[in-house]
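Chemist: Chain by chain, the residues run as shown.
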Amino acid sequence: MKLTFNWLMELVEVPDPAAFGPDELAERLTHAGLEVEAVKPLSDDAGALIVEVADVRPHPNADRLSVCEIHDAGEPRRIVCGAPNVRTGMKTAFLRVGAVLPSGQAIERRPIRGVPSDGMLCSEKELGFSDDHRGIMELPGDAPAGTSLQEYLGLNDWMLEVSITPNRGDCLSVLGLAREIAALTGGRLRVPAVPDHLRNHPPAIPVSVEILDPVLCPRYSARLIHGLRPAPSPPWLRFRLEACGIRSINHIVDVTNYVMLETGQPLHAFDAQSIASQRIVVRTAGEANTLTTLDGSDRALHPDDLLICDGDTPAALAGVMGGAGSEVTEETESVLLESAHFDPLTIRRTAKRMGMHTEASHRFERGVDPDGTRYAMDRAVALWEQLGEAQVVPGFADAYPGERKPAEITLRYASVKRALGVELPHDRIHGIIESLGIEIKRSSDHDLVVSPPSYRFDLTREADIVEELARVHGYDNIPATLPAVRMGIQGDALLRWVRKTRSLLTAEGLNEVVTLPFCSAAMNRTFPGLWGEDGKPVRIANPLRQETDEMRLSLLPGLIENLHYHSERRSETSMIFELNKVFSLGSEGGYTERMNVAGLIRGHRPQRGLRAESRAFVFADMKGIVEDLLEGLGHANCRWRADAPTPILHPGGFAAVSAGGVPVGYVGEISPRVREDLDLPTFFLFELDFGAIVNYARPDFKVRPIPRFPSVERDLAIVVAEDFPSQTVIDWVRELDRALIERVDVFDEYTGAPISEGRKSLAYKVFYRSTERTLTDHEVNTVHEDLTRRLCAAFDATLR
Amino acid sequence: MIEALEKLHEEAVERLERCASEPELEQIRIDYLGRKGGKLTALMRGLRELPAGERPRAGQELNRRRAELEGLLDARLKGLRESTETLADGGPRLDVTLPGNRPERGRVHPLSRVTDEIIDVFTGMGFEIARGPDVEDDYHNFEALNIPRDHPARDMQDTFFVSDDHVLRTHTSPVQIRVMEQRRPPLQIIAPGAVYRHDDDATHSPVFHQVEGFMVDHDITFGDLKGVLTHFLEQIFQDEVRVRFRPSFFPFTEPSAEVDIGCILCRDDKDSGGCRVCRGSGWLEILGSGMIDPNVFDFVGYDTEAFSGFAFGMGVERIAMLKYGMDDIRMFFQNDVRFLRQFPP
Ligand SMILES: [Zn+2]
Numbered sequence: 008m009k010l011t012f013n014w015l016m017e018l019v020e021v022p023d024p025a026a027f028g029p030d031e032l033a034e035r036l037t038h039a040g041l042e043v044e045a046v047k048p049l050s051d052d053a054g055a056l057i058v059e060v061a062d063v064r065p066h067p068n069a070d071r072l073s074v075c076e077i078h079d080a081g082e083p084r085r086i087v088c089g090a091p092n093v094r095t096g097m098k099t100a101f102l103r104v105g106a107v108l109p110s111g112q113a114i115e116r117r118p119i120r121g122v123p124s125d126g127m128l129c130s131e132k133e134l135g136f137s138d139d140h141r142g143i144m145e146l147p148g149d150a151p152a153g154t155s156l157q158e159y160l161g162l163n164d165w166m167l168e169v170s171i172t173p174n175r176g177d178c179l180s181v182l183g184l185a186r187e188i189a190a191l192t193g194g195r196l197r198v199p200a201v202p203d204h205l206r207n208h209p210p211a212i213p214v215s216v217e218i219l220d221p222v223l224c225p226r227y228s229a230r231l232i233h234g235l236r237p238a239p240s241p242p243w244l245r246f247r248l249e250a251c252g253i254r255s256i257n258h259i260v261d262v263t264n265y266v267m268l269e270t271g272q273p274l275h276a277f278d279a280q281s282i283a284s285q286r287i288v289v290r291t292a293g294e295a296n297t298l299t300t301l302d303g304s305d306r307a308l309h310p311d312d313l314l315i316c317d318g319d320t321p322a323a324l325a326g327v328m329g330g331a332g333s334e335v336t337e338e339t340e341s342v343l344l345e346s347a348h349f350d351p352l353t354i355r356r357t358a359k360r361m362g363m364h365t366e367a368s369h370r371f372e373r374g375v376d377p378d379g380t381r382y383a384m385d386r387a388v389a390l391w392e393q394l395g396e397a398q399v400v401p402g403f404a405d406a407y408p409g410e411r412k413p414a415e416i417t418l419r420y421a422s423v424k425r426a427l428g429v430e431l432p433h434d435r436i437h438g439i440i441e442s443l444g445i446e447i448k449r450s451s452d453h454d455l456v457v458s459p460p461s462y463r464f465d466l467t468r469e470a471d472i473v474e475e476l477a478r479v480h481g482y483d484n485i486p487a488t489l490p491a492v493r494m495g496i497q498g499d500a501l502l503r504w505v506r507k508t509r510s511l512l513t514a515e516g517l518n519e520v521v522t523l524p525f526c527s528a529a530m531n532r533t534f535p536g537l538w539g540e541d542g543k544p545v546r547i548a549n550p551l552r553q554e555t556d557e558m559r560l561s562l563l564p565g566l567i568e569n570l571h572y573h574s575e576r577r578s579e580t581s582m583i584f585e586l587n588k589v590f591s592l593g594s595e596g597g598y599t600e601r602m603n604v605a606g607l608i609r610g611h612r613p614q615r616g617l618r619a620e621s622r623a624f625v626f627a628d629m630k631g632i633v634e635d636l637l638e639g640l641g642h643a644n645c646r647w648r649a650d651a652p653t654p655i656l657h658p659g660g661f662a663a664v665s666a667g668g669v670p671v672g673y674v675g676e677i678s679p680r681v682r683e684d685l686d687l688p689t690f691f692l693f694e695l696d697f698g699a700i701v702n703y704a705r706p707d708f709k710v711r712p713i714p715r716f717p718s719v720e721r722d723l724a725i726v727v728a729e730d731f732p733s734q735t736v737i738d739w740v741r742e743l744d745r746a747l748i749e750r751v752d753v754f755d756e757y758t759g760a761p762i763s764e765g766r767k768s769l770a771y772k773v774f775y776r777s778t779e780r781t782l783t784d785h786e787v788n789t790v791h792e793d794l795t796r797r798l799c800a801a802f803d804a805t806l807r
Numbered sequence: 141m142i143e144a145l146e147k148l149h150e151e152a153v154e155r156l157e158r159c160a161s162e163p164e165l166e167q168i169r170i171d172y173l174g175r176k177g178g179k180l181t182a183l184m185r186g187l188r189e190l191p192a193g194e195r196p197r198a199g200q201e202l203n204r205r206r207a208e209l210e211g212l213l214d215a216r217l218k219g220l221r222e223s224t225e226t227l228a229d230g231g232p233r234l235d236v237t238l239p240g241n242r243p244e245r246g247r248v249h250p251l252s253r254v255t256d257e258i259i260d261v262f263t264g265m266g267f268e269i270a271r272g273p274d275v276e277d278d279y280h281n282f283e284a285l286n287i288p289r290d291h292p293a294r295d296m297q298d299t300f301f302v303s304d305d306h307v308l309r310t311h312t313s314p315v316q317i318r319v320m321e322q323r324r325p326p327l328q329i330i331a332p333g334a335v336y337r338h339d340d341d342a343t344h345s346p347v348f349h350q351v352e353g354f355m356v357d358h359d360i361t362f363g364d365l366k367g368v369l370t371h372f373l374e375q376i377f378q379d380e381v382r383v384r385f386r387p388s389f390f391p392f393t394e395p396s397a398e399v400d401i402g403c404i405l406c407r408d409d410k411d412s413g414g415c416r417v418c419r420g421s422g423w424l425e426i427l428g429s430g431m432i433d434p435n436v437f438d439f440v441g442y443d444t445e446a447f448s449g450f451a452f453g454m455g456v457e458r459i460a461m462l463k464y465g466m467d468d469i470r471m472f473f474q475n476d477v478r479f480l481r482q483f484p485p
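Protein sequences appear in the order of chains P and C.
Take the first sequence: its position 626, counting from 1, is numbered 633 in this note's numbering, and each next residue is one higher.
Take the second sequence: its position 120, counting from 1, is numbered 260 in this note's numbering, and each next residue is one higher.
Quick caveat, the hints were computed from the structure, so don't treat them as lab data.
As the structure is a prediction and not an experimental result, all values here were calculated from the model.
Errors might be hidden in some of the hints.
Here chain P is said to cover these stretches of chain C; the calculated rule only asks that three of the stretch's residues, wherever they fall, bring their Cβ under 8 angstroms from a Cβ of chain P [unchecked claim]: (1) 248-254; (2) 316-324; (3) 384-390; (4) 427-434.
Quick list of the computed label-pair ranges, beta carbon to beta carbon [said to hold, decoys possible]: (5) C:445 with P:299: 54 to 62 angstroms; (6) P:109 with C:264: 55 to 63 angstroms; (7) C:445 with P:595: 36 to 44 angstroms; (8) C:382 with P:23: 21 to 29 angstroms; (9) C:240 with P:688: 45 to 53 angstroms; (10) C:476 with P:109: 40 to 48 angstroms; (11) C:295 with P:92: 42 to 50 angstroms; (12) P:450 with C:382: 32 to 40 angstroms; (13) C:295 with P:500: 56 to 64 angstroms; (14) C:295 with P:336: 29 to 37 angstroms; (15) P:92 with C:382: 53 to 61 angstroms; (16) P:795 with C:476: 51 to 59 angstroms; (17) C:256 with P:611: 26 to 34 angstroms; (18) P:500 with C:416: 41 to 49 angstroms.
Think of the CB as a built atom: it goes at the ideal place given N, C-alpha and C, for glycine as much as any other residue.
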């Protein structure tokens, strides 16, 4: 909320005003939970004076210029002026020679078309007050000539912007903040007085008020004012409103806004003639219809919207906006002033439904003082009287069917110590409570019963009172302590796996990325992730961008977007991974989230050293990274199969991998079709179900003794069908379980001449070892020959 | 046989002469005399296959050459060591300013780094980790946190909706509820995770990360909240960071406190009016916190007379941006390699 410093200081008397400037004020409010976000001087004083134009004559050499005489501190001065509105007797703004305009232009003594000009008469725009440049400033006839314009306009002031949290609706007003200042400084509140004649009016006017739903409208007060015709507001009112971010319209509307800012009570002025039935009825819309609000829109009404009606005809959307039909216009001659209290939830729902957020609805949603309707109404009427010839119809309407009983709250001294950790002396507690206008009803040695004022509707529980004590006492004055902590906490296993994964993959050269989980429907269709049958995307009802209105099923779209980003920037190599959540609407309709880990490599394998040669990535590079990762995560033995194709992968370069006996994901080269559709260079990728990997991890193992006797190696090269998986031989040998054969590794694969078409050569190294002795060549040869023979027979292989 | 031996010997001598370092010398020893793959060793093995008459002479010759080579290797090694010691007098040197052969390592994302730092400070204080879903129901995200439907406090967080009663969680606070529904005090928990707000500009990202924390037991006080969070901030920002606690409002805590630290960017600057980050105030908002509201305890069935606790939440991006002097939050999600690789491996 915006307000001005001087306005606030008009409403509160602080103990040491000289030492209490805008910055000190901002500091105090901020420390009390009312954060001052900005403090700005309203205007730099250019030194303009108020002057009366004594004489105006045509310029001898120019049709559109005039030569004026003004009196500045008794001295007559001759000024050349080009404004169309300059005339004898007007009061306007004057700058002496030597002054500097906000634009930086200095006023010089120089002849204009042959006539010397001794200063300048200024427009509002030239003085930086507004954009108005239609002519020189028009000031009221009673503006004191020869005095500072800045001061007269109330511009020697500061705009304060205070962020009011939703619980402090009472502080959405100058009065509310003045109360806080008074409580914080020990100062005294100065509420602007309402003249006695208004206070002594009888409670009746020729307009009746009926409230059909006292819960939604606990109170409705109104007054009738005749002879109130719209007129421009005086400068002080206009400039003060504009400093608070409210546009000046006419003095009828301006006063209602002014009093709303001052007291927090939204007011609404109806054109009294438009309330033809003389009956105000407050009711919900029910079956009704539509209402044209004063912004000109036709609003379709919801049955629950609360309406102010002229008899049966809707006249305003309660607490949100007036109706166009009852609006104050140029023809208005009398006004019905509404000062009411509405249920916050109803106002909020209506405002939300209509997409309207007004100064009034903002305040009603957060709560307004139900006991403040009459004061605000009288204050507005007093201001109209002060500004012109308003004839107030004696009396007022005031229906208050929903009167609230003041809350009574028991505060135990022990609760204060228990919550804050510090003992506050009882007299300090009493002092703070009273400074906040909270009444102490009863007190004993260990507790007291308090009753908050009507504007502190946020205080209903003991904890609320404790908070007030902490706030006013000052958080700085509560000593910091360290609580005792209980032992017996286990480390976090998932966190350990996550960190391990990051360290393994970064060691392989992959950079970790964190991408946004929003995804297009098309990308989710192309990359359905590892969900299988359950892969139904979660849709966002109100996405930021229509094209990404789903949550990702797979991490790949994010990685691919990053690949795009970098290939557009001519980056040749990408190596990235992400460990993050993927989302699905499971088959039963529940939302399911899983952790996946996915990666992508593109370009060339980075080489160590200056003259090292780089080489393009191949499938085995990606597979190697995944093997390393899986082993690091406790899966020493994984199964790789090429029999579960996924359409996103190259039919000749993919593998599904199982770990701990369950399928955990896949590795492969992107399918050429998908790659072309996405306009991407080729790359290799993997995506794994992190939860499954971690779940089935077997991180524990036993150390084997180091062999006492050396091994003997024999190479074995066979020619087999091209689609023969090399792993088959390794598995077969393990199955065979022959004594002396320790293990078999594959070390080469070769196709091409002299191997015939459709066949390939695989080279294995067989390790022979005994745990009891060093093997002789003869022994090894015998076993090796036997193995070779069996192997060729088993797989229709020929020796190479 | 003898011919092959002579050829090997020549080859070895030639390599020895060119050899300039100990590792190279060691390689030569392995290449010729190695027990497994040594070329000379292989010739020795081949002795068996020679006709019996030739074996003794060949054996003799082999042993002679072998001894000779060993002698040469040792002499060369001695020479190399001596010349290393005399290098100080100005022999040829390596250009040691050339880069070493480093392996290409990837980088951990800065958000992971900072989250880990935060987690480590709290686990060091005995906090354990809890997690919750990103797609959260209205009850846990709002209702049980004392943010009823149609309450203006809902305006504090622009929300992504997935259905009428499910949202993308707007904060990590629902994890508080989920943990308290399952367990009884004492609790000291932190909950890191992604959160979502309907917002997108240089200072807001629709997704960002929070670390939520809370502690519940008998007699936990506002003073304890101050102590724990001050300790945390001192650990994270090191140096002597100034910390202030300022009243604020969160629906699920009372009293609530916004925690500020002294601006770490303009702290040495006397005239700080121009600092962009703290807008000249000298303070930076870093944490929201407060004593858990009794209404929240009511929702999870805790006795408000028996237990009290504090809760807090912080933005990981905010802390990372301050630590690393960044001003655009979107860099975290752009993942430009030129950004990521600025963080050391
Ligand atoms: Zn700063």
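Chemist: Give a verdict on every hint.
Modeler: Verification of the supplied hints:
1. 248-254: With 4 residues close enough to chain P, the hint holds.
2. 316-324: It is violated: at least three residues are needed, and the stretch 316-324 of chain C offers just 0 whose Cβ sits closer than 8 angstroms to chain P.
3. 384-390: holds (count 6)
4. 427-434: That given contact holds, which follows from 3 residues of the stretch 427-434 of chain C lying within Cβ reach (below 8 angstroms) of chain P.
5. C:445 with P:299: 54 to 62 angstroms: With Cβ atoms ~55 angstroms apart, the hint holds.
6. P:109 with C:264: 55 to 63 angstroms: Given range 55 to 63 angstroms: holds, Cβ gap about 56 angstroms.
7. C:445 with P:595: 36 to 44 angstroms: holds (41 angstroms)
8. C:382 with P:23: 21 to 29 angstroms: Since residue 382 of chain C and residue 23 of chain P have Cβ atoms about 27 angstroms apart, the given range 21 to 29 angstroms holds.
9. C:240 with P:688: 45 to 53 angstroms: Violated: the Cβ-Cβ distance is about 31 angstroms, outside 45 to 53 angstroms.
10. C:476 with P:109: 40 to 48 angstroms: The hinted range 40 to 48 angstroms holds for residue 476 of chain C and residue 109 of chain P, with Cβ atoms some 43 angstroms apart.
11. C:295 with P:92: 42 to 50 angstroms: Hint holds: Cβ distance 46 angstroms, inside 42 to 50 angstroms.
12. P:450 with C:382: 32 to 40 angstroms: holds (39 angstroms)
13. C:295 with P:500: 56 to 64 angstroms: Because 39 angstroms falls outside the window, the suggested range is violated.
14. C:295 with P:336: 29 to 37 angstroms: holds (34 angstroms)
15. P:92 with C:382: 53 to 61 angstroms: The hinted range 53 to 61 angstroms holds for residue 92 of chain P and residue 382 of chain C, with Cβ atoms some 56 angstroms apart.
16. P:795 with C:476: 51 to 59 angstroms: Given range 51 to 59 angstroms: holds, Cβ gap about 56 angstroms.
17. C:256 with P:611: 26 to 34 angstroms: holds (31 angstroms)
18. P:500 with C:416: 41 to 49 angstroms: holds (43 angstroms)
Violation of the numbered hints given earlier is confined to hints 2, 9 and 13; the remaining hints are satisfied by the structure.
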